[in-house]
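Colleague: Next come the chains, spelled out residue by residue.
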Amino acid sequence: MNSWIILGATSGMARPFIRRLAESGAQLFLAGRRMEELEALAADCRLRGAPKAEVMAFDARDPANYAALIDRFVQEEGTLNAAVFAGSMPEQAQIDATPELIEGVIADSFTGPATFLQMLVPEMETRGAGTVMGIASVAGDRGRLGNYVYGAAKAAFATYLSGLRNRAGRKGVHVITVKPGPVDTPMTQGMKMPFMTTPDAVADDLMRAIEKKRNVVYTARIWQVIMTVIRLIPEPVFKKLSI
Amino acid sequence: MIWTQTDYAGWGRALRASGEVARPESRADLAALSNAPAMGMRRSYGDAALNSGGRAVDMSRFDRLLGFDAETGLLEVEAGARIGDIATAFAPRGWMPAVMPGTGFATVGGCIGQDVHGKNHHNAGSFGQHVAEVTLLQNGVEATATPGSALFEATMGGLGQTGLITCATLQMKRCKGDLMLVTERRANDWDEHLALLDGSTASYTVGWIDATARGADMGRGIVEEGENGAGLMKRRRGAHRVPMDAPHFALAKPVVRAFNWAYFHRVPAHGRTLVRPLEAFFFPLDKIHDWNRLYGQRGFHQFQCVVPLGAAAALKAMLAEIAGSGLASPLAVLKRMGPGRAGYLSFPMEGYTLAIDFPNRTEARVLIKRLEAMTAEAGGRLYFAKDSLAEGAAIRAMYPDLEKWQAEVAKADPQGALATDLVRRLHLRTA
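Protein sequence lines, in the order shown, are assigned to chains A and B. In terms of the working numbering, the first sequence has 166 at position 166, counting the first letter as 1, and numbering is strictly consecutive. Counting the second sequence from 1 gives a position; the working numbering is that position plus 1000.
I should point out that these hints are in silico values taken from the structure, not numbers from a laboratory. Source: prediction; values computed, not measured. C-beta atoms are modelled at their ideal positions from N, C-alpha and C, and glycine is treated no differently. Where hints are given, some of them may not hold.
[Said to hold, decoys possible] Mimicking DSS-like on lysine-lysine, the simulated pairs with C-alpha atoms at most 27 Å apart in a straight line are:
| no. | chain 1 | residue 1 | chain 2 | residue 2 |
| --- | --- | --- | --- | --- |
| 1 | A | 213 | B | 1287 |
| 2 | B | 1253 | A | 52 |
| 3 | A | 52 | B | 1287 |
| 4 | B | 1287 | B | 1316 |
[Unchecked claim] Below, a sample of chain B positions facing chain A; criterion: calculated Cβ distance under 10 Å:
| no. | residue |
| --- | --- |
| 5 | 1003 |
| 6 | 1005 |
| 7 | 1019 |
| 8 | 1023 |
| 9 | 1029 |
| 10 | 1068 |
| 11 | 1085 |
| 12 | 1090 |
| 13 | 1094 |
| 14 | 1235 |
| 15 | 1242 |
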């Protein structure tokens, strides 16, 4: 039996992916903060074919309750898998006004998920199988004027995932780093952004990445090219740009 | 709720709108909405989903399945759920929507608002006839409607004017599985085509018509008959996408003629039977995302009418006009409809329905006007889901229950907050 725990399951990007897991017959553990939304999503998943869909209260900023969630999850037999959609992106201007917000951004996007995975992965390694999928961001590939605190948190998470892949891959656990460009979700609503993709298209890419055991995935694909170019811009030039 | 200034269009892309759009994903989001017309995946061709200058609610992310009773087959869903997703999720378990339109991207709310029909209309009736309950948000207050009530009949095919459709309970029908056994037969001319449609006893029947064929070949096409079945079949995953607006000549006359010739002759003269995935039979174009871009930036119009059984000759005359014009696209469908309809403004009537796409050009608009007049003369009816060119008085006269609908709509939305571009263009609520 294949079981998935999803951190940040109510995120707009996660919904179509979770449904594809449900249709594939996976058991689902949906973790997040908005319980009513999680319950509705769990019911939806059961109707789409998930043999089990349970909800879990998860707050990235409250590591004290991680252990209980993991204890519950590892009771499932078979292959354990984890996907991390948790994260938050306040406007950079908001952070400029209230620098203390940085702590929350880092906790939601990096320290929380990393701590959780650090506690869960040993059991996956013991079983010698499973997939960890972490949602990083193209914003983490280079610090930009518009959202460099969010970018820094995602960069940290991506670096963490890279190391985790190096470690867990030796024991049969595959780690996938996903770097989405702009996706049409509530998080980006009202923003005008280029090469915007949809949660449905992202879900297709994620399912393919799992099947093909990809390591790092950009979605939409074009962002791999764009970010390669952006990373190559020399710093003296880049620091004057507003892209 | 965030309202975003958005440019959007009907599926035909000939009619467009600009205005603020909100896209709720949860019940909490819904509660925070102001009163505005709803839209789904915008698969109506004209302006049924548009509200120029005003606000509109995009329901496409309010799309969860809420509950299913495996004894009765009653499925409760949010209005943004897509009909194709429901079919894909349930067909392997022996249930499918009782009526499905030609695209799986249509939402449940849209199927209700247009009281859509499918390839089984001749024996299953319209979509609304399989709705057990619908939940509406009327000026922030929840109301439910069940079959038999005036509110229900005003809501089925009611163009979203009786309230924002939030949830519905659908009566699903049992099926064997997610495959279709499809028999394709050539119809060599108009008479043969009608005879095959009239004589069909299949659950699902539809005719593709070569609207470029003239003379002795006029009316030729392929009649497809489908029966549901179970089994194993390798499915091709993924979809193609039309990456940009096609140039004008992509659907020029010689291209369409050549395509139609090949499409007709791909079926052997003695016909054939094959097994197809359910989605491929019901939603043949869904594999090509954004196929509407094939018509280029100017977009296209779809003309769809239904005429009474006795007026088949009038339909043949329309086809002669179309074939003579050389303006038709390969997408042309002929079907025999049954009498089933669920609401005051439902499109179906017992007879023959013809649907054809035309690129958005002056000659085509002139031709469509002519076809509309011929429809009226034949005692037929035009379809709000497709219309973008009709005259208000002419199309209103085709809907004898319009006044009953208007009375319910006036009660449900006295401020007129749910009016859309289509409703205003055709003066449906005010005339």
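Colleague: Now, for every hint given, state plainly whether the structure supports it.
Modeller: Consistency of the hints with the structure:
Only pairs whose Cα atoms come within 27 Å are accepted, and residue 213 of chain A paired with residue 1287 of chain B is accepted, the gap being roughly 26 Å. A hinted pair counts as satisfied when its Cα atoms are at most 27 Å apart, and residue 1253 of chain B with residue 52 of chain A does not qualify at roughly 55 Å. The suggested pairing of residue 52 of chain A with residue 1287 of chain B is violated, with an alpha-carbon distance near 31 Å, which exceeds 27 Å. Proximity of residue 1287 of chain B to residue 1316 of chain B is assessed by CA-CA distance (about 31 Å); at most 27 Å being required, the pair is judged violated.
Against a cut-off of 10 Å between C-beta atoms, the interface hint on residue 1003 of chain B holds, since the closest Cβ of chain A lies about 8 Å away. The interface hint given for residue 1005 of chain B is met, as the beta carbon of that residue sits about 8 Å from the closest beta carbon of chain A, less than 10 Å. For residue 1019 of chain B, the shortest C-beta to C-beta distance to chain A is roughly 14 Å, which exceeds 10 Å, and the interface hint is violated. Taking 10 Å as the C-beta contact cut-off toward chain A, the hint placing residue 1023 of chain B at the interface holds, the least distance being around 7 Å.
Given hint, residue 1029 of chain B at the interface with chain A, holds; its Cβ is 8 Å from that chain's nearest Cβ, closer than 10 Å. For residue 1068 of chain B, the suggested interface contact is upheld, since its CB lies about 5 Å from the closest CB of chain A, less than 10 Å. This hint holds: residue 1085 of chain B has a C-beta 8 Å from the nearest C-beta of chain A, less than the 10 Å allowed. With 10 Å as the threshold, the beta carbon of residue 1090 of chain B comes within range of chain A, its nearest partner Cβ sitting at about 8 Å, so the hint holds.
For residue 1094 of chain B, the suggested interface contact is broken, since its CB lies about 13 Å from the closest CB of chain A, more than 10 Å. Using the Cβ-Cβ criterion of 10 Å, the hint placing residue 1235 of chain B at the interface with chain A is not satisfied: the shortest such distance is roughly 12 Å. A least Cβ separation of about 15 Å between residue 1242 of chain B and chain A goes past the 10 Å threshold, and the interface hint is therefore violated.
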